[in-house]
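Student: Each chain, letter by letter, is given below.
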Amino acid sequence: MSETIVDTIIIGIGAAGLLSSIYLARKGQKVLCLFKGLGATAMSSGCFDILGYSYKRSDWLSSFTEGYNDLPSEHPYKILSEGDLHQLDSILKEATVNLGELFDKFLYGNYTKNVLIPTIFGTIKPTAYVQVSMKNAILREDTDMLIIGFRDFYEFNPRLIAHMLKTALKVFDICNIRINYAYLKTQSSTTFPKISLETIVSEIKSILKHKRTDIILFPAIFDSIETVKKIEKELNIHIAELPSTPAYRAGIRLNSFLVNLAEKYGVSLIHADDIKVDLEGRRITRLRVLSHNRILEYKAHNYIIATGDLLGGGLELYTDLISGVAHIKETLLGFEVENVSIENLTKQDFFSRNGHKLSRIGVRINNSARLVDKNGKELVKNAYFVGSIIGGYDYNVEKSGLGVVLVSVWKAVNEIFRGE
Amino acid sequence: MNKKKYDVIIIGGGIVGVGIARDLSMRGLEVALLERYDLATGATGRSHALLHSGGRYVVKDPVSARECAQENLVLRKIASHIIDNVGGLFIGLDVDPPDYAEKFIKGCKETGVKCDELSVKEAIKMEPNLNKNVQRAFLVNDAHIDPFKLTLLNAIDALDAGAKIMTYHEAIVFITNKKDVMGVRVKDNLKNKLKEFYADIIVVAAGAWNRKILSMVNINIEILPNRGTILVISGRIFNRVINRLRMPSDGDIIVPSYETNLLGTTSVNVSDPDDNSPSIAEIRTLFLEGKKLFSDMSNLRILRAYAGPRPLIGRRGGREAPRTFQVFDHEETLRGLISVAGGKLTTYRLMAEKVSDVVSKKLGIRAPCRTHKEPLPGYYDKRDLERLIRKWNFTKLPIAKILMRWGALASTFLSVSTWKNKLVCYCELVTYPEIKFAIQRTFARTIGDIMRRTRATMGPCQGQNCTYKISSTLYDTIENYHYYFIRDLKSHLRRRWAGMRYILNSHQANQAALQLALFNNLGNFNKILVGNDE
Chain A
166 MSETIVDTII
176 IGIGAAGLLS
186 SIYLARKGQK
196 VLCLFKGLGA
206 TAMSSGCFDI
216 LGYSYKRSDW
226 LSSFTEGYND
236 LPSEHPYKIL
246 SEGDLHQLDS
256 ILKEATVNLG
266 ELFDKFLYGN
276 YTKNVLIPTI
286 FGTIKPTAYV
296 QVSMKNAILR
306 EDTDMLIIGF
316 RDFYEFNPRL
326 IAHMLKTALK
336 VFDICNIRIN
346 YAYLKTQSST
356 TFPKISLETI
366 VSEIKSILKH
376 KRTDIILFPA
386 IFDSIETVKK
396 IEKELNIHIA
406 ELPSTPAYRA
416 GIRLNSFLVN
426 LAEKYGVSLI
436 HADDIKVDLE
446 GRRITRLRVL
456 SHNRILEYKA
466 HNYIIATGDL
476 LGGGLELYTD
486 LISGVAHIKE
496 TLLGFEVENV
506 SIENLTKQDF
516 FSRNGHKLSR
526 IGVRINNSAR
536 LVDKNGKELV
546 KNAYFVGSII
556 GGYDYNVEKS
566 GLGVVLVSVW
576 KAVNEIFRGE
Chain B
29 MNKKKYDVII
39 IGGGIVGVGI
49 ARDLSMRGLE
59 VALLERYDLA
69 TGATGRSHAL
79 LHSGGRYVVK
89 DPVSARECAQ
99 ENLVLRKIAS
109 HIIDNVGGLF
119 IGLDVDPPDY
129 AEKFIKGCKE
139 TGVKCDELSV
149 KEAIKMEPNL
159 NKNVQRAFLV
169 NDAHIDPFKL
179 TLLNAIDALD
189 AGAKIMTYHE
199 AIVFITNKKD
209 VMGVRVKDNL
219 KNKLKEFYAD
229 IIVVAAGAWN
239 RKILSMVNIN
249 IEILPNRGTI
259 LVISGRIFNR
269 VINRLRMPSD
279 GDIIVPSYET
289 NLLGTTSVNV
299 SDPDDNSPSI
309 AEIRTLFLEG
319 KKLFSDMSNL
329 RILRAYAGPR
339 PLIGRRGGRE
349 APRTFQVFDH
359 EETLRGLISV
369 AGGKLTTYRL
379 MAEKVSDVVS
389 KKLGIRAPCR
399 THKEPLPGYY
409 DKRDLERLIR
419 KWNFTKLPIA
429 KILMRWGALA
439 STFLSVSTWK
449 NKLVCYCELV
459 TYPEIKFAIQ
469 RTFARTIGDI
479 MRRTRATMGP
489 CQGQNCTYKI
499 SSTLYDTIEN
509 YHYYFIRDLK
519 SHLRRRWAGM
529 RYILNSHQAN
539 QAALQLALFN
549 NLGNFNKILV
559 GNDE
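Those sequence lines, one after another, are chains A and B.
Convert by adding 165 to the 1-based position in the first sequence; the result is the number in the numbering used here.
Convert by adding 28 to the 1-based position in the second sequence; the result is the number in the numbering used here.
Just chain A, with the same shape it has in the complex (with noise of 0.2 Å):
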């Protein structure tokens, strides 16, 4: 049996992953990544959040400064920066520049700042961050949008996302953008996925000629912004994606920036289909993982747990239908994290405005990211949790799903170094 000895070991392959499997790599530590799926970041829209809204306030929020005060507690942004707002600012600031490929290139926006763009479903959302191709959907006072999609493609209906965006607008009090909607002649579903970029610029080319616009909004079909990009130099017209559901690209490309970044950084990506992990004392001191029906085992000084939520599969829960409680369990490690009645943890409207219990759950941890029991005491000295398999915060509710993923790696990895 083989051993492989590395300096971390990142379990899990979505964003949380990714992310602090590049930071270390990129200072020259030798990674090991083992995932099983794909990982919830594929499933994303795309944008990268920070702090959209707070919990004392209705409205959003221009910046995650002005919602930080009216957080929780137990909030993983304030167990990480200590209840400091400064620290908070300065740990975002420090992640970001130290990783200009993705937040320079790849994304577009500052981490200060939230933008409003508009969704697949014609509804509008703030974000920190969007990807470049969707950038120019940011919405800005006077201006023309004209949303553009396929007749038969329903699943994007421009006509509809119009009607959505109009009512929308007035919601956010903004009055002075001309939303209007085109549809293209080809059929979807004879040309995809090989549209034939050249009929679909030409019939753009068309509709132009009657419908004056500053920016077309498209479904987010291309796999590569690259493509994008030639549609709009060949119109001489800007166009933008829209954040969307899965099976759009947007998400799926996100995800894929980030596995060729760690690749390029010389990350190992190795499939798992199982893992058991030996626990000695407080300590992890071995892997052994089922890989393509071998047995593999890994030792590494430091561990990250990036294994996500209910959604990613970093958590699991079990309801047991003859006393009511679901139990909630960390799949990793295999450790309870909460019993409760499933009455409670779903009693909340679906579109609750305070968010769902069921999407608070999660490990708890300090402000190192380890571990940590009800007392707070560390659980695992050599193991950092992160990402969205923290528990306290609700990220359909706050919009906070990737910042507090940067944070809790920025955190992980800064512990690593320091121990180093």
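Since the hints were made in silico from the structure, they are not lab data.
Calculated pairs, DMTMM-like style, for lysine to aspartate or glutamate (alpha carbon to alpha carbon, straight line, at most 25 Å): (1) 32/B <-> 208/B; (2) 278/A <-> 309/A; (3) 319/B <-> 481/A; (4) 160/B <-> 144/B; (5) 518/B <-> 508/A; (6) 401/B <-> 188/B; (7) 429/B <-> 320/A; (8) 394/A <-> 320/A; (9) 376/A <-> 504/B; (10) 319/B <-> 508/A; (11) 335/A <-> 504/B; (12) 464/B <-> 317/A.
Could you slot chain B onto chain A? The hints should help.
Tutor: Using the frame of chain A, we list chain B on its own:
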């Protein structure tokens, strides 16, 4: 104001109301049916979807057993295309009263319910997932029948015979003249408009809601709404209807329905028939009873729980109340007013016939009932299946599903549509032309209407992927949809959530987390209340 006068107005778009509309219009009467929401949104659509052999009632309620046995045969003749003829087993476990079997055999004989005893070995060979503590087993003529489709096909037939079916039309006041009923004032629930309709006779066939409706004219009728809860289990653990060999009780029937098993029911008397939320206690009961038939219940993926009110006659309610039906003539209070309640999904046609006989007599109509002779729309001989599939030149997997949903009616949309290979709902394999057909020809007005007609949003993802696509199609097809589009989208997702939340377990919990993230995180729906909402 609409001054047209109908022969009969029927209030209630459940299977009984629609059945009456079909019967009367086939007898040549001018009929209007009013339903406050969509067809089959009350007890019909929330039923167990079981075509009873009668076996369940042979000991306790022989009259109902006999009615079920007769109607079972009639429906097999007129609606075979929407019946999944799975057959049923009555299973006696070691915990069940051993003397019940003899009573059961005797009851079957007396009521004309066909049953054959099987050896335990045969029964377990038929249904290998049964627990091994089976003591006795009987084979009966139970089957699955789609209650939504049964109601819809009755409605389409009534439409073809000239009836007017008005969904989202809620009766709010009776128009009377001294002791005569003249008509009803109605609220259009989608357009928020008031209308009036006139008729010689009004039939109230609103099941558990009869009491509320009749109280508008101070008629007090003893109907006790009795809530029955059902769990939807993903995948089929059993391929036949499984009944327990004991007096009818909680959690003792499992019905295979499309890709699921329906485990029910409970029996809770409620004061308000709209009280349709299953309680945790009911879910526990069902789970415990289900475990007696299938021990590995904990590892099943339960998709949702739903409940509907039985319209039981009398004061006692619950399991004690008879499952027979009764036609009430309210002539003494208000001439021309008739109501009907009680009964089973299986006996709806008989109920409709009896009501129609009373109505015909009052109006002096001699035409006989034909509903037991003429097949429902979409009927086809199952031997023609291969020929139909070849004719439509369609991918094989969805076609089997389409046939189960529409029967031969499918030819009307499959032969003309251009986007026939487009799937809208990936869980239930619902195609785009079906959605279009449901809107254009079967008056679907909301996402829920589409769901009841096609099963879209009923699968494991509970509408996560197709809800928005369906609303997009509704938006393009229905002129006024934009008025209630956001209300519709939100209320549909809310109802899906309400059915899921108490049974969230394992994969279904992950599914719920994804659904919340898509609509609330990406869509920001929890922060944006747009349109005429809330």
